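Just so you know, the protein sequences line up as chains A and B, in that order.
Its first residue numbered 2, the first sequence is counted upward by one per residue in my numbering.
Its first residue numbered 2, the second sequence is counted upward by one per residue in my numbering.
Read the hints as simulated data drawn from the structure, not as lab findings.
All of these numbers come straight from a predicted model, not from anything done at the bench.
A couple of the hints might just be wrong.
Since the list gives no way to pick one copy over another, a pair counts as held whenever it fits inside one copy or between any two copies.
[Stated by the list, open to error] Straight-line alpha carbon distances no greater than 30 Å define the calculated DSSO-like cross-link-like pairs of lysine-lysine that follow:
1) 444 / 340
2) 95 / 268
3) 268 / 278
4) 60 / 268
2 protein chains.
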Amino acid sequence: MEITPSSDKSDAILVKGGVIITINPADQIIEDGYVLIKADRIISVGNLQDAPPDNAVEKIIDTRNCLVMPGLVNTHTHAAMAFFRGLADDLPLKTWLEDYIFPAESRYVNPAFVYQGTMLAGLEMIHSGTTSVCDGYFFEEAAAQAFINLGLRAVAGKGIVDFPAPDNPDPGLNLENARKYVREFPSHPLVTPALFCHSAYTCRPETLQHIKEICNYHSIPFIIHLAETEAETKEIQARYGNSPIQHLNNLGILDGNTIAAHCGWMKPDDFRIAQQKRLRVAHCPESNMKLASGVAPVPLFLDFGIPVGLGTDGCASNNNLDMLSEMDTAAKVHKLSNKDPAIMDAKTVVRMATIGGAEVLGLQDRVGSLEPGKKADIIILDLNQPHLTPVYNYYSQLVYSASGHDVITVLSNGKLIMRNRKIVTANEKETLAAAGELGKEIKKEMLRQGRKKSGFRA
Amino acid sequence: MEITPSSDKSDAILVKGGVIITINPADQIIEDGYVLIKADRIISVGNLQDAPPDNAVEKIIDTRNCLVMPGLVNTHTHAAMAFFRGLADDLPLKTWLEDYIFPAESRYVNPAFVYQGTMLAGLEMIHSGTTSVCDGYFFEEAAAQAFINLGLRAVAGKGIVDFPAPDNPDPGLNLENARKYVREFPSHPLVTPALFCHSAYTCRPETLQHIKEICNYHSIPFIIHLAETEAETKEIQARYGNSPIQHLNNLGILDGNTIAAHCGWMKPDDFRIAQQKRLRVAHCPESNMKLASGVAPVPLFLDFGIPVGLGTDGCASNNNLDMLSEMDTAAKVHKLSNKDPAIMDAKTVVRMATIGGAEVLGLQDRVGSLEPGKKADIIILDLNQPHLTPVYNYYSQLVYSASGHDVITVLSNGKLIMRNRKIVTANEKETLAAAGELGKEIKKEMLRQGRKKSGFRA
Numbered sequence: 002m003e004i005t006p007s008s009d010k011s012d013a014i015l016v017k018g019g020v021i022i023t024i025n026p027a028d029q030i031i032e033d034g035y036v037l038i039k040a041d042r043i044i045s046v047g048n049l050q051d052a053p054p055d056n057a058v059e060k061i062i063d064t065r066n067c068l069v070m071p072g073l074v075n076t077h078t079h080a081a082m083a084f085f086r087g088l089a090d091d092l093p094l095k096t097w098l099e100d101y102i103f104p105a106e107s108r109y110v111n112p113a114f115v116y117q118g119t120m121l122a123g124l125e126m127i128h129s130g131t132t133s134v135c136d137g138y139f140f141e142e143a144a145a146q147a148f149i150n151l152g153l154r155a156v157a158g159k160g161i162v163d164f165p166a167p168d169n170p171d172p173g174l175n176l177e178n179a180r181k182y183v184r185e186f187p188s189h190p191l192v193t194p195a196l197f198c199h200s201a202y203t204c205r206p207e208t209l210q211h212i213k214e215i216c217n218y219h220s221i222p223f224i225i226h227l228a229e230t231e232a233e234t235k236e237i238q239a240r241y242g243n244s245p246i247q248h249l250n251n252l253g254i255l256d257g258n259t260i261a262a263h264c265g266w267m268k269p270d271d272f273r274i275a276q277q278k279r280l281r282v283a284h285c286p287e288s289n290m291k292l293a294s295g296v297a298p299v300p301l302f303l304d305f306g307i308p309v310g311l312g313t314d315g316c317a318s319n320n321n322l323d324m325l326s327e328m329d330t331a332a333k334v335h336k337l338s339n340k341d342p343a344i345m346d347a348k349t350v351v352r353m354a355t356i357g358g359a360e361v362l363g364l365q366d367r368v369g370s371l372e373p374g375k376k377a378d379i380i381i382l383d384l385n386q387p388h389l390t391p392v393y394n395y396y397s398q399l400v401y402s403a404s405g406h407d408v409i410t411v412l413s414n415g416k417l418i419m420r421n422r423k424i425v426t427a428n429e430k431e432t433l434a435a436a437g438e439l440g441k442e443i444k445k446e447m448l449r450q451g452r453k454k455s456g457f458r459a
Numbered sequence: 002m003e004i005t006p007s008s009d010k011s012d013a014i015l016v017k018g019g020v021i022i023t024i025n026p027a028d029q030i031i032e033d034g035y036v037l038i039k040a041d042r043i044i045s046v047g048n049l050q051d052a053p054p055d056n057a058v059e060k061i062i063d064t065r066n067c068l069v070m071p072g073l074v075n076t077h078t079h080a081a082m083a084f085f086r087g088l089a090d091d092l093p094l095k096t097w098l099e100d101y102i103f104p105a106e107s108r109y110v111n112p113a114f115v116y117q118g119t120m121l122a123g124l125e126m127i128h129s130g131t132t133s134v135c136d137g138y139f140f141e142e143a144a145a146q147a148f149i150n151l152g153l154r155a156v157a158g159k160g161i162v163d164f165p166a167p168d169n170p171d172p173g174l175n176l177e178n179a180r181k182y183v184r185e186f187p188s189h190p191l192v193t194p195a196l197f198c199h200s201a202y203t204c205r206p207e208t209l210q211h212i213k214e215i216c217n218y219h220s221i222p223f224i225i226h227l228a229e230t231e232a233e234t235k236e237i238q239a240r241y242g243n244s245p246i247q248h249l250n251n252l253g254i255l256d257g258n259t260i261a262a263h264c265g266w267m268k269p270d271d272f273r274i275a276q277q278k279r280l281r282v283a284h285c286p287e288s289n290m291k292l293a294s295g296v297a298p299v300p301l302f303l304d305f306g307i308p309v310g311l312g313t314d315g316c317a318s319n320n321n322l323d324m325l326s327e328m329d330t331a332a333k334v335h336k337l338s339n340k341d342p343a344i345m346d347a348k349t350v351v352r353m354a355t356i357g358g359a360e361v362l363g364l365q366d367r368v369g370s371l372e373p374g375k376k377a378d379i380i381i382l383d384l385n386q387p388h389l390t391p392v393y394n395y396y397s398q399l400v401y402s403a404s405g406h407d408v409i410t411v412l413s414n415g416k417l418i419m420r421n422r423k424i425v426t427a428n429e430k431e432t433l434a435a436a437g438e439l440g441k442e443i444k445k446e447m448l449r450q451g452r453k454k455s456g457f458r459a
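Build the full structure now, drawing on both the sequences and the hints.
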C-alpha cells in the first residue's frame with residue numbers, strides 16, 4: 002500500500018478521510034484513510050497521514066465522517082422488470098407467473114421497455130450502492146446500452162427459453178440469435194455479454210448444451226436459474242430422473258463459468274458436484290422468501306468453498322434492488338433457518354456482497370475490494386446519521402443498520418456517477434417521468450382486463 | 002368525510018394533494034386527496050376537489066407526488082439501547098446477554114444515558130415514520146421526557162426484574178418503586194405510563210402478580226416478554242409445569258391490558274387462552290430472526306382475532322428502528338415459514354403497523370388511521386423516486402419497496418416534528434455528537450476488557 006504519487010495530476014482523484022473498508026485478503030479496516038485513484042484504477046489505499054498532498058491531484062472527495070467501501074455486486078437481477086414492481090404480489094407462484102408476469106411480458110416487453118426499465122433500475126442501483134450487476138432479460142442489448150450510459154459495470158445475459166419470447170417469437174432461432182447477440186455485443190470496458198438460459202424446465206437439454214457451447218467458444222458466462230423451488234426439483238426429477246444440478250452436470254453445463262441463481266434445493270451429492278465443477282452461486286434470499294421458495298444452504302456452500310454472491314433478483318419478486326437491505330435479510334434468514342445466531346456473521350455477508358459477488362461474476366481481478374490495481378468502483382456512505390450512531394463494528398453497521406439510502410456518492414471505473422445523491426450520468430427526472438407514464442399505461446391495461454387487486458386502483 | 006371548514010383558521014393545517022392511505026374500516030385509498038387538521042385533531046379527509054380553500058387555513062403542506070398515511074406504531078422497543086447498536090452481534094444468545102448486554106447495562110445505564118439514548122432512538126424513529134411507540138427500559142422517566150421533548154406519542158414502561166437493576170439495586174423495592182414511577186409520571190397528552198416486567202423467567206410469580214395489580218389499579222398497560230425462545234418455554238415448563246402463557250394465565254396476568262412481546266412459542270391451547278383473555282401481541286420478526294428465536298405464528302393469531310402489532314425491539318437485537326423495513330421482513334418471513342406466498346399480504350402488514358399496533362397499545366381511538374376525530378399523527382413519503390416507480394399497488398410499494406428514508410415529513414398530535422427530513426423538535430447535530438462520544442467511551446472500555454471482535458476497532 003505504498004503511495005505512488007501521480008506524475009500527471011490531470012485525472013487523479015483523492016478520496017480523503019473516513020473509514021476505509023478494504024475487503025482485502027487481510028480484511029483491513031483503516032479508520033482514518035484515503036484512496037488514490039488515477040483514471041479507472043485504484044493507485045493506493047492507506048492511512049490519511051500517508052496520502053498525497055492535495056495539490057498532487059485534480060479532484061478531492063472529502064469523506065470525513067463517511068464509510069468508504071467497494072461498490073456492491075448484485076449477482077442476479079432482471080433490471081427491466083423494475084417496470085413490473087408491485088404489479089402482482091402476495092400470489093401463488095403459478096398465478097403470479099401465468100396470470101400476471103408472462104402476459105405482461107408478452108404484451109409490453111420491447112427494446113424501448115427494456116432500455117427505459119433498465120435505466121430506471123440502474124438509477125435505483127446507483128442510489129443504493131451497486132456498481133456491478135449480472136443481468137438477464139430479453140432484448141438484453143438494450144439493457145447493456147442502459148448500463149453503459151449509466152456507467153454501471155454489467156454482465157448482460159440474453160434470456161433464452163424454448164417457447165416464443167418477446168425478442169424471439171421462434172425458439173427455433175435461439176442459437177442463431179444467441180450467436181448474433183454475442184457477435185454484435187458492444188466492445189466497451191464496462192459490459193460483458195453472457196447467455197442466460199432461463200431454467201432446466203423451460204429449456205430443452207439440447208438448447209442448454211448448445212448455448213453452453215457458444216458460451217465456451219466465446220469464454221463468456223452461462224447463467225441459469227437452478228433448483229429455485231421444490232416444484233422445479235420434482236419436475237426435473239420426474240422428467241430426467243435426476244436433481245436439477247445432476248441433470249445439468251450430466252449435460253456438461255457445470256463449470257467455473259456457469260452462474261447458477263438460487264440453488265435452494267440441494268441433495269447431499271449436489272454439494273460435491275458444485276464443488277468439483279467450481280459452480281458459482283447467486284443467492285437471492287428476499288426473492289426466495291417472497292415467493293416462499295425456501296432458504297438456500299449458503300453456510301454449507303461456503304463450507305464447501307463454493308463461491309457465493311448476493312443478488313436481489315428482479316423487482317417483480319423482491320421488490321427493490323437495495324443490496325444493503327438484502328445483506329440484512331441474508332444475515333438474518335440463515336440464523337433463523339439454522340437456529341444459530343452466530344452463523345452468517347456480518348463480515349461474511351459484506352464479503353459476499355463485494356468480493357464474493359465479484360468471484361461469482363469472474364470479475365475478482367477487477368472489482369470487489371479496494372486494492373491497488375483494481376478498478377475504482379467505490380461507494381461512500383454517510384455515517385453521521387441517527388440510525389448509524391454509535392459505531393462499534395463497521396460490518397454490523399453495514400449489514401444490520403444501514404440501507405441503500407445511506408450511500409451518498411458512487412464512483413464506477415474511476416468516474417463519479419453519483420455525487421451527494423445526485424445522479425451524474427442520466428437525467429433522473431425525465432427517466433422517472435417516462436417510467437411513471439408507462440407504469441400508468443400498464444396499470445390501465447391490467448384494470449381493463451379485470452385483474453384488479455385490493456389497493457390496485459385506477 | 003364531510004368538510005368542516007374551520008371557523009378559526011389560526012391553527013388549521015391542510016395536507017394537500019397526493020395519495021391518502023386512510024386505514025379506515027373500508028381501507029379507503031384516495032388518489033388525489035387532502036387531510037384537514039385543527040389543533041391536535043383530524044377534522045376531515047377527502048378528495049382534493051372537496052378540500053377547504055387555501056385561505057381558510059393557516060398552513061398548507063403540499064403533498065403532490067407523495068403518499069400520506071397514519072404515523073407508524075412501534076409496539077415494542079427499548080429505545081435507549083440505541084447506544085448498544087452493533088455492540089455485540091452474531092453471538093449465541095447467552096454470550097450476547099451475559100458477556101455484553103448485561104455488563105454494559107450495569108456499567109453505563111443511568112438517567113443521562115437513558116435520556117440521550119432515547120433522544121438518539123427518537124430521532125431515528127421520526128426519520129423513519131414512527132409516531133407512536135411502546136417502550137420498556139430502566140430509568141424510564143428519563144425516556145418519557147425524551148419522547149415528550151421530541152413530540153412522540155409513547156407508552157413508557159418501567160422495566161422490572163427480580164435482580165439488581167441499574168435503576169433499582171434492591172429488587173425488594175420493586176413494588177414501591179413501581180408505584181412511585183406511576184404516581185410521579187408526568188401528566189402530558191403524549192405519554193402514558195406502563196409497567197414492564199421483563200419476563201416470567203426473570204420475575205417471580207409474586208412480582209408479576211403485584212405489578213399487574215398496580216397496573217389494574219391505575220388502568221395502565223402491563224408489558225412483558227412472553228414465549229420468546231424455546232429455551233424460555235422449556236424453563237417455564239420445568240419450573241412451573243406450564244407453558245409461559247398458561248403460567249401467566251394461572252397468575253391472572255392475562256387480559257386486554259397486557260401487551261406481550263414475541264409470543265413465538267405457542268402450544269395449541271395457548272391460542273385459545275390468548276383469544277379468551279384478549280391478549281395483545283407485539284410481533285418483532287427481525288429481532289426474532291437475528292437471535293434465531295423462531296417465527297411467531299402471526300397468521301394464526303390473526304385467524305383467532307388476537308390483535309397483533311409490529312415492533313422493532315431494541316437496537317441491540319435488530320439493529321435499527323425502521324418500521325418500514327420491519328414490515329418488509331414481516332411479510333416475507335411468514336411466506337417462507339408457511340410455504341405460502343399469498344399469506345401476510347401487504348395490506349395486512351400495513352394494517353398491523355398502524356391500526357393493529359394502535360389496538361395493541363390501547364390507542365385505537367386516538368391513532369392508527371386517518372379519520373375525522375383522530376389525533377393528527379401523519380407521515381408523508383416521497384413517491385417520486387426510482388425505487389418507488391412505477392406504482393401499481395400502494396400497499397405493496399410501502400411493504401416491499403419503501404424504507405424509512407422515504408419519509409420526508411412527520412406530524413405528531415397536529416404538530417410538525419420533521420419537515421423535509423429536518424427534525425423540528427431537537428438539535429439533531431448535538432444529539433448525534435453526544436451519542437457518538439458516549440459510543441466511543443463504551444467501545445474503549447469494552448476493548449480494555451478484552452472483548453474485541455473482528456471489525457470492532459479502537
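Right, here's what the structure says about each hint:
With identical chains, the CA atoms of residue 444 and residue 340 are at most 30 Å apart between copies only, with a shortest distance of 29 Å across copies and 42 Å within one. For a Cα distance limit of 30 Å, the shortest separation of residue 95 from residue 268 inside one copy, 24 Å, qualifies, whereas the shortest one across copies, 33 Å, does not. In this assembly of identical chains, the alpha carbons of residue 268 and residue 278 lie at most 30 Å apart only when taken from the same copy (16 Å versus 46 Å across copies). In this assembly of identical chains, the alpha carbons of residue 60 and residue 268 never lie at most 30 Å apart, being 53 Å within a copy and 64 Å across copies at closest.
Hint check: a violation occurs at hint 4 only; the rest are consistent with the structure.
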